[in-house]
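2 protein chains.
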Amino acid sequence: MAIISFRLNEKLFLRDPQSSELGQNIVCHSIALIDSIGFEQFTFKKLADKIDSTEASIYRYFENKHRLLVYLIDWYWTWIDYRIEFAIQNLRSPEERLQAALKVIIEEKKNDPGIAFVDEQALQRIVMAEFDKTYLTKQVDIDNKEGLFIPYKAVCKRLAEQIKMANPAYPHPHTLISTTMLSINHQLFYAQHLPSLTDLNKDSAKSHQALYEFCESFIFKAIKS
Amino acid sequence: MAIISFRLNEKLFLRDPQSSELGQNIVCHSIALIDSIGFEQFTFKKLADKIDSTEASIYRYFENKHRLLVYLIDWYWTWIDYRIEFAIQNLRSPEERLQAALKVIIEEKKNDPGIAFVDEQALQRIVMAEFDKTYLTKQVDIDNKEGLFIPYKAVCKRLAEQIKMANPAYPHPHTLISTTMLSINHQLFYAQHLPSLTDLNKDSAKSHQALYEFCESFIFKAIKS
DNA sequence: CTTTTTTTGATAGTATTGCTATCATAAACG
DNA sequence: CGTTTATGATAGCAATACTATCAAAAAAAG
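Line by line, the protein sequences are chains Z and R. Just so you know, we're using the numbering used here here: the first sequence kicks off at 1 and counts up by one. Just so you know, we're using the numbering used here here: the second sequence kicks off at 226 and counts up by one.
Simulated from the structure, these hints should not be mistaken for lab results. Any given hint might turn out to be false.
[To be verified] Among the chain Z residues that face chain R by a calculated CB cut under 7 Å, a handful are:
no.	residue
1	Gly-38
2	Thr-175
3	Asp-199
4	Phe-214
[Claimed, not checked] Listed next, the stretches of chain Z that the computed footprint assigns to chain R, with coverage defined by at least 3 CB atoms under 8 Å from CB atoms of chain R:
no.	region
5	9 to 20
6	144 to 154
7	182 to 192
Glycine is no exception: its CB is placed at the ideal position from the N, C-alpha and C atoms.
Work out the full structure: start from the sequences and follow the hints.
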């Protein structure tokens, strides 16, 4: 099996973390650490201690912890986009393509041994809990100009294209897709922590399935003319 | 016109900010300051300087800046819930009630002179940009147990009840409502900062209207049997 | 297999943040 | 008028978010 890696936006880092062992350690252990203590509590000092390195060394790779978070999340959406492309390649109708793409986005991730030094399950939890924080900032316009949100926007664009093909008259394809994506990123968190906001239950296998059914149903009903 | 004020959860503060001039100053100027520099950059020190007071004095009212943010946002949702109750009082059908409630939530806020020391427009922007940060934390379960999210959950519950009445067979009333609320809180931000994620345009008057139409349409299509 | 360059570690230092504690003064209250 | 209570002033502390310097180690180049 081929070992894949993604080339991410160079503005994300000062030195490419994929180019050295220390860099890979930073990425790999930052996922574990952010997943376990949350982004607010996460510091380069704590990470440095975990990997037996120093704060200064980590700063040589990432300008600050916000950029590191964006790096991880861009990796995630790049990976999702790649998997969607793969999943829809033999499907012709926009409806089938939408369904296949939704499945990729919503399904519970398994660790793919073909992918180096990334714990995809932990990363999915990070996306659920921290993704919004990457753009809900005062520097959003600068970050956006630097292309930091391209991978996420690419996934959304791909889905919106299928909506447009399924029903060219539907007036809100982008709004519908970004709403769906928000829902996907939040509902499983609600199931765990704020259950009164969702009908999904805590059981993870079932809730992923129920979430898929919810999204599929409301997308197709929304665009039906 | 009656001057209204809301009694909020006592866990939110150490001393009730509504009980003194300093407290009111803290609330009023924290809204302006968070709106202008964002929650990450916001500190009690900066707020103290603005109101010619001291850090120590502010800490007598709020345990930390997170609690202050939750206080502001709880105030907002309490106010919205109150206005929804008012707006739907003479409406009988769940459909009409849903529509009226949606309008209250989505419409561009105007400053209500009947409400003391709160800039509702700024607060709505804060809700858009910072609300998710109140619950996307590692302490979410503790905060939830202390009742910090009750006002938001109350709004969601009220809407979900109407969904259930409109179509008792619909299987995802809470998921549908919390998805709608997410969309409302994010789409206008997208229109300003990440326009490729939405079909709303930057013009605020039009975008509020278009957002209403989008939400109404997808809710009613979703629950149609 | 040296020499040079690059990368890392070690250490130090600084400004800011997120608090807590103490004490004097001012305001409010009885 | 005396006494709670609220505020301001100041100090201090540990942690955070960096930046700078220098030497050692590792990698690359000759």
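**Request:** Hint by hint, work out which the structure violates, then give me just those numbers in ascending order.
**Result:** 5
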